[in-house]
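Number of protein chains: 2
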Amino acid sequence: MLYVKTPQEVLALIQNEFSPVAEPEIVALSAAMGRVLAEDIAASEYVPDFDRSTVDGFAVRAGDTFGCTDAIPAILPLQSTVLMGEGADYPLNPGECVAVPTGGAVPQGADSVVMLEYTEAYGDGTIGISKPAAPGMNLIFRGDDVYPGKVILQKGRVLSSADIGALAAIGRVQIPVVKKLTVGVISTGDELVPPEARPGPGQVRDVNSPMLEAMLTAFGCAVINYGIVIDDEALLSETVKRALWECDAVLLSGGSSVGVKDAACRIIESLGQLLLHGIAIKPGKPTILGKAGAKPLVGLPGHPVAAYFITKLFVLPLLGRLSGRDMTAYTVTAKVTESISANHGRAQYHCCRLTRKDGALYAQPIRGKSGLITTLAGADGYFCIDRDCEGLPQGAEVQVTTTSGV
Amino acid sequence: MLYVKTPQEVLALIQNEFSPVAEPEIVALSAAMGRVLAEDIAASEYVPDFDRSTVDGFAVRAGDTFGCTDAIPAILPLQSTVLMGEGADYPLNPGECVAVPTGGAVPQGADSVVMLEYTEAYGDGTIGISKPAAPGMNLIFRGDDVYPGKVILQKGRVLSSADIGALAAIGRVQIPVVKKLTVGVISTGDELVPPEARPGPGQVRDVNSPMLEAMLTAFGCAVINYGIVIDDEALLSETVKRALWECDAVLLSGGSSVGVKDAACRIIESLGQLLLHGIAIKPGKPTILGKAGAKPLVGLPGHPVAAYFITKLFVLPLLGRLSGRDMTAYTVTAKVTESISANHGRAQYHCCRLTRKDGALYAQPIRGKSGLITTLAGADGYFCIDRDCEGLPQGAEVQVTTTSGV
Numbered sequence: 007m008l009y010v011k012t013p014q015e016v017l018a019l020i021q022n023e024f025s026p027v028a029e030p031e032i033v034a035l036s037a038a039m040g041r042v043l044a045e046d047i048a049a050s051e052y053v054p055d056f057d058r059s060t061v062d063g064f065a066v067r068a069g070d071t072f073g074c075t076d077a078i079p080a081i082l083p084l085q086s087t088v089l090m091g092e093g094a095d096y097p098l099n100p101g102e103c104v105a106v107p108t109g110g111a112v113p114q115g116a117d118s119v120v121m122l123e124y125t126e127a128y129g130d131g132t133i134g135i136s137k138p139a140a141p142g143m144n145l146i147f148r149g150d151d152v153y154p155g156k157v158i159l160q161k162g163r164v165l166s167s168a169d170i171g172a173l174a175a176i177g178r179v180q181i182p183v184v185k186k187l188t189v190g191v192i193s194t195g196d197e198l199v200p201p202e203a204r205p206g207p208g209q210v211r212d213v214n215s216p217m218l219e220a221m222l223t224a225f226g227c228a229v230i231n232y233g234i235v236i237d238d239e240a241l242l243s244e245t246v247k248r249a250l251w252e253c254d255a256v257l258l259s260g261g262s263s264v265g266v267k268d269a270a271c272r273i274i275e276s277l278g279q280l281l282l283h284g285i286a287i288k289p290g291k292p293t294i295l296g297k298a299g300a301k302p303l304v305g306l307p308g309h310p311v312a313a314y315f316i317t318k319l320f321v322l323p324l325l326g327r328l329s330g331r332d333m334t335a336y337t338v339t340a341k342v343t344e345s346i347s348a349n350h351g352r353a354q355y356h357c358c359r360l361t362r363k364d365g366a367l368y369a370q371p372i373r374g375k376s377g378l379i380t381t382l383a384g385a386d387g388y389f390c391i392d393r394d395c396e397g398l399p400q401g402a403e404v405q406v407t408t409t410s411g412v
Numbered sequence: 007m008l009y010v011k012t013p014q015e016v017l018a019l020i021q022n023e024f025s026p027v028a029e030p031e032i033v034a035l036s037a038a039m040g041r042v043l044a045e046d047i048a049a050s051e052y053v054p055d056f057d058r059s060t061v062d063g064f065a066v067r068a069g070d071t072f073g074c075t076d077a078i079p080a081i082l083p084l085q086s087t088v089l090m091g092e093g094a095d096y097p098l099n100p101g102e103c104v105a106v107p108t109g110g111a112v113p114q115g116a117d118s119v120v121m122l123e124y125t126e127a128y129g130d131g132t133i134g135i136s137k138p139a140a141p142g143m144n145l146i147f148r149g150d151d152v153y154p155g156k157v158i159l160q161k162g163r164v165l166s167s168a169d170i171g172a173l174a175a176i177g178r179v180q181i182p183v184v185k186k187l188t189v190g191v192i193s194t195g196d197e198l199v200p201p202e203a204r205p206g207p208g209q210v211r212d213v214n215s216p217m218l219e220a221m222l223t224a225f226g227c228a229v230i231n232y233g234i235v236i237d238d239e240a241l242l243s244e245t246v247k248r249a250l251w252e253c254d255a256v257l258l259s260g261g262s263s264v265g266v267k268d269a270a271c272r273i274i275e276s277l278g279q280l281l282l283h284g285i286a287i288k289p290g291k292p293t294i295l296g297k298a299g300a301k302p303l304v305g306l307p308g309h310p311v312a313a314y315f316i317t318k319l320f321v322l323p324l325l326g327r328l329s330g331r332d333m334t335a336y337t338v339t340a341k342v343t344e345s346i347s348a349n350h351g352r353a354q355y356h357c358c359r360l361t362r363k364d365g366a367l368y369a370q371p372i373r374g375k376s377g378l379i380t381t382l383a384g385a386d387g388y389f390c391i392d393r394d395c396e397g398l399p400q401g402a403e404v405q406v407t408t409t410s411g412v
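Protein chains in written order, with the working numbering: chain H, 7 to 412; chain F, 7 to 412.
Since the hints were made in silico from the structure, they are not lab data. Since no wrong hints were added, every one of them can be taken at face value.
Since the list can't tell identical chains apart, any single copy or any two copies may satisfy a pair.
Derived BS3-like pairs: lysine-lysine, alpha-carbon spacing no greater than 30 angstroms straight-line: (1) K288 <-> K11; (2) K11 <-> K137; (3) K185 <-> K156; (4) K161 <-> K301; (5) K161 <-> K363; (6) K341 <-> K156; (7) K291 <-> K137; (8) K156 <-> K363; (9) K363 <-> K11; (10) K341 <-> K161; (11) K137 <-> K288; (12) K288 <-> K156; (13) K291 <-> K247.
Isolated chain H, as found in the complex (with noise of 0.2 angstroms):
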């Protein structure tokens, strides 16, 4: 039995009908930004492989300066020095110091790094050091960083610039990521257009399209857009087939009258299983979700802000459900600047701008009916007003989602 799901139980179906399906392929660490990490990464050797000071100094046994001052320093022969990128393959006599760079090996026997600052060379070959060190002070040892078998990055991560510096610093320049899913994104209605076109009466602007289409390749996926699809079953059924076949996941949207939202439900039923027909939030009601094999179908709705919602909130996350994403994502906290009112039983989303004011974030709820697009243009991100809420009052806090970059 179908019925008007909630967000949760809508969420809660992705989970339990769909799994992770997209293949493992290797690239390039200069093309892994952003891109999810097929398998848990651990490190094959010692980062740094060699004690190092993070310092330019005197490497020391720490033992050698207890008790010196400016007025008593210790004196300590000068040993040797040890240049930028070369090793210190001898130990350190007891007694004696060596010069060492910032970043540079410190030899064997040496615990510790005095800074350049607390020190002073006498010409003659000695040193004489006026704080004393303590052991592990201005070093970094061996395998402090890394050390083989340590896991340091996880299956399902999203790469950031910072994971992408880890990969270089243990050497890993060939990385497993998951292939990129195909996503075939259908418009279908009489009114549309392309956005190049003047609309003539009755007619609007494909909006859902290219709107779709930038969501969808920021958030990683390459994108096949199969068009406008005029208001023919037979033609429609035709084109969501094709698309299946080509697709890892296909999306039509529009059908916003009855008959086509009827439509888009029988060509579900002919190639698979119709799983969900409607979602009790606003905008976005009249959404579709089936599944032929293991790919999923979404009949989105025709309002570009309902399809932009119906998108961000259950279509992305469908998305990462197959590539075996890390979908953790968070909110920013702000009070609403106008009292809204809320319909009982939908969770309802609205775009808003934020702004800081001494020291504070407000949302402003950006006004609008839901096909209205320049409700979600210049949006700095959304907030939800919960089905069992009847409305917020002016300042109170709400939890946003911001948007830039998707």
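Guided by the hints, dock chain F onto chain H, whose structure is given.
Quick look at chain F alone, frame taken from chain H:
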């Protein structure tokens, strides 16, 4: 007089010393996602260009339905049926109704649409209406979304998928964006080997080049990687000169030992003007900033974690300034999972993992010495302890900048 500056002073210096220099260019709508708008975008037409129904139903004059009920419906002759994608270029006769699909045009004179659910077709050419309409109900009027001259997106904005949708809606498919900045990245240090090499004694892999390349590319720059240059002042000076010729900004990374830092200063002074020598933050103090003509030349610390923070906190805002880019960013509030001590006098940055538990968000600091790249790996964001703060107790709230995607 150059002295160590606070982060606020450095950001002010960037605003004062540099100006937007990037040229505009035109790109197709499908290539505009993530780009920076070069000018305000105003609509040149009405969207929608006709009065439009938001439901399947019957367009009426609201007055003709006043007082109707289930028991005593208003009975209106059906004048005509509007088809999707066609105009309704006739006036609605008083006392009659017109069938319209969702998104369909509504004839002149109609001021509301009654939903299908509240109507019954009697089969004799008349429609029974059981719920009165209010003027404006279930209608989007011409220009409700956009009217000619309305600015929908402002110069400097980084285009999101919602913005792409808005541009499609108004028929803008040639988008004026700011040309990508070209940034040169140079690593210097005799101890550095490329990530694919196995370091010999005293050597380490070059982490900064691939990390910076990934971060700058994700930020929307073109990157020229000049590779690793050995610590030779003449050679380094030649490479910097070539990079300044080929790029809009140059990052010189490494040179963590005193000698190389001095060389970097001399190179900047020989090619232009030294603006800054040292920032009061940890990690990242040994940072140099200069300009040659209008082009910034940044000397980054060699330690990868320090180079990471300096790039995030100062280089990206600097590149944003050169592009005229809106750099508004948001933080999430989280509670630290353990107490942290801090050095009085320097703002101190910590990478952290974010976890959610019982609805609250927690920031777990990732411990490590500043040269250790794995304090970055797997980080979800970072927070700052102010220079006049001596530490944070467990459970204290911090503002975390999340780092996924950059």
